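Listed here are the chains, written in short residue letters.
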Amino acid sequence: MAMMTYLEAIHKGIEEEMARDEKVVIFGEDVGGMKGGVFGVTKGLAEKFGDERCFNTPLTEGLIGGLAVGLGTVGYRAIGEFQFADYILPAVNQLISEASRMRYRTKGDWTAPITFRAPYGGGVRGGLYHSQSTEKVLFGQPGLRIVTPSSPRDAKALIKAAIRCDDPVLFYEHKRLYRLLKEDVPEDDHVVPIDKANVVREGDDITVIGYGMVLNHALKAAEILSKEGYEAEVVDVRSIYPLDKETLVKAAKKTGKVLLVTEDNLEGSVMSEISAIIAEEALFDLDAPIKRLAGPDSPSMPYALPLEREFLVTEDKVLNAMRELAEF
Amino acid sequence: MKKLAESGLTKEEIIKAYRYVLLGRRLDERLWQLTRIGKTSFNISGQGHEVGQVAMAMAFDHDKDYFLPYYRDMTPCLVWGMTPKDILLGSLGKEDDPSSHGRQMPNHYGSKEHNIVTHSSTVSTQFPLATGVAYGAQLGKKDYVTLTTTGEGAANQGEVQEAMNFAGVKKLPLIFVFENNGYAISVGREEQYASEKLSDRGPAFGFTGIQVDGHDFVESYLAFKQVVADARNGKGPALIELMVTRLTAHSADDDHSVYRSKEDIENLKNNDGLLLFEKQLIDEGYLTREQMKAMDKDLKEEINQATDEAEAMPDPTPDTILEQVYADK
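Chains as they are written, first to last, in the working numbering: chain A, 1 to 328; chain B, 1001 to 1329.
The reader is advised that the hints may include incorrect statements.
[To be verified] Here are the simulated PhoX-like pairs of lysine-lysine, each with C-alpha atoms no more than 25 Å apart in a straight line:
hint: 1; chain 1: B; residue 1: 1262; chain 2: A; residue 2: 245
hint: 2; chain 1: A; residue 1: 48; chain 2: B; residue 2: 1142
hint: 3; chain 1: B; residue 1: 1225; chain 2: A; residue 2: 23
hint: 4; chain 1: A; residue 1: 107; chain 2: B; residue 2: 1112
hint: 5; chain 1: A; residue 1: 48; chain 2: B; residue 2: 1112
hint: 6; chain 1: B; residue 1: 1225; chain 2: A; residue 2: 43
hint: 7; chain 1: B; residue 1: 1171; chain 2: B; residue 2: 1225
hint: 8; chain 1: A; residue 1: 48; chain 2: B; residue 2: 1171
In case anyone wonders, no lab produced these hints; they're calculated from the structure. No experiment lies behind these values; they were computed from the predicted model shown.
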């Protein structure tokens, strides 16, 4: 075990996989050279593995997408970094038209074993274009996988799983968590499944489902609520797409009271789909209407502090929603 | 037109080139027939591109070089190693279609066996993808060259510029081709781009750009031969603008008499690369009209047989719809 931040855990996972498999290459804007990424996730990798395996690209996200897919067709495992999840948008054509169906449209003759990394999420005064949760743009696209870790431990294990996966995986990294979380992380070759949700806290009164920053809020709120006599089951979605329906439905049935939390806009978020699944699969086990807690339906998270705070799903908001549901 | 002897190719190689041009034409005619009688849903044609396309393809080493084509490139795919039956299996949507196993529309070519990388219909996505294939050669210290093509319409897509820019930066062994037939479906050249030559975009990204007459086999072949040799020797990418004629409507769903002038359509036969190439072969003593007729007869028989064989092959079954969505399924 070693103490690592969420950021250090991702770095370490990538470093281990690049050492383990020489076919792993990593690139993106500011990823190579001495800088090693605007957040520093890839710092030192160019020095360690050479400028051919860790390199800068021009400011061209469509190229980053296509370069990764092309490398996949000739036997490489590319890790393409989008500097912010907001900047995936110019690459969506490559992700949907090429990566998602390279395998399907050739019935497995060609594949796209790619990891696309992208820092997402708000609360860093990033305004409209450095705060977004763009996972819903690609959510529901069969052929792609979307995963996100919510702890340093999972960050290392999940990035390793993503790199080894033979499918194209979008690996969302919550930028607020990069340096906020620190914990003991296994130093050995610990990997978690790419397609499983994770029950991170057990309880019998309410079920809270989320990922990223809000999942951490829910864990803290659960401890407060515990002192008030309510025990919350907290589930980390982790595999955003395809969803681990079995774990999610089981957790919903267990308590019969479900709170779905996302920092994305309410409408059309990942939680809308989870809500539909629970309604279909577990309606008669529910004791309360499914509750969704999310950001308001403004186009994105605004910059000014009062506006950002208004948008953010804070720990207080999560605690209040959990208490309300527990008391229902 | 440049004399065939200037190509440096043997007589056999030149006759082989003609055979591919003629095969491409006749096979495409068969694909139109199959669409017209309702056996396939669609066809999009390379008629009028074939001479330049064969010259292009013959400049590559098909045992190791990679090809990322677009939908008018049936003929160069044949040169690269696909068979008429392979093409027909695709148009008929059969399970054994090597391009997509019946999952893509007709004319979306690919073959793992022959290093022909599958492409989308979202024109230009193959350009960034080709940079990855080409970068793989640099990473693996391999000497294959990658070829990718598109029409002059898609040449204006953003991803095309992104890919050419990156290829210039990394000096990738990658040949870009714009097959310029002057029409993006119905939109003519003057509404597509303002520059005189699209080949000028090569130097804009730091590498060679050459405009060649795709009706002239030797001019086209020599240009490709040079840029392929340069790319293989580490001198980086090149762009070739291949000037061709679109003899047909955009596709089986289009009627070009709506937007092309009567004169333009009447003049097409004068710019038919196949006819020009045949005249040259006769004039320069490579083949006689009788030999061409005999070859044509053989090819038609070959295509008839391939059609029968392809039609007899099984369709994909409905229960396979979710196969190969993900690696574990």
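Structure-based check of all given hints:
1. B:1262 x A:245: Violated - the C-alpha atoms of residue 245 (chain A) and residue 1262 (chain B) are around 61 Å apart, more than 25 Å.
2. A:48 x B:1142: Measuring from Cα to Cα gives roughly 23 Å; hence the hint holds.
3. B:1225 x A:23: violated (31 Å)
4. A:107 x B:1112: holds (11 Å)
5. A:48 x B:1112: Not satisfied, since the Cα-Cα distance of roughly 34 Å exceeds 25 Å.
6. B:1225 x A:43: violated (42 Å)
7. B:1171 x B:1225: Holds - the C-alpha atoms of residue 1225 (chain B) and residue 1171 (chain B) are around 18 Å apart, at most 25 Å.
8. A:48 x B:1171: It holds: about 24 Å lies between the C-alpha atoms, which stays within 25 Å.
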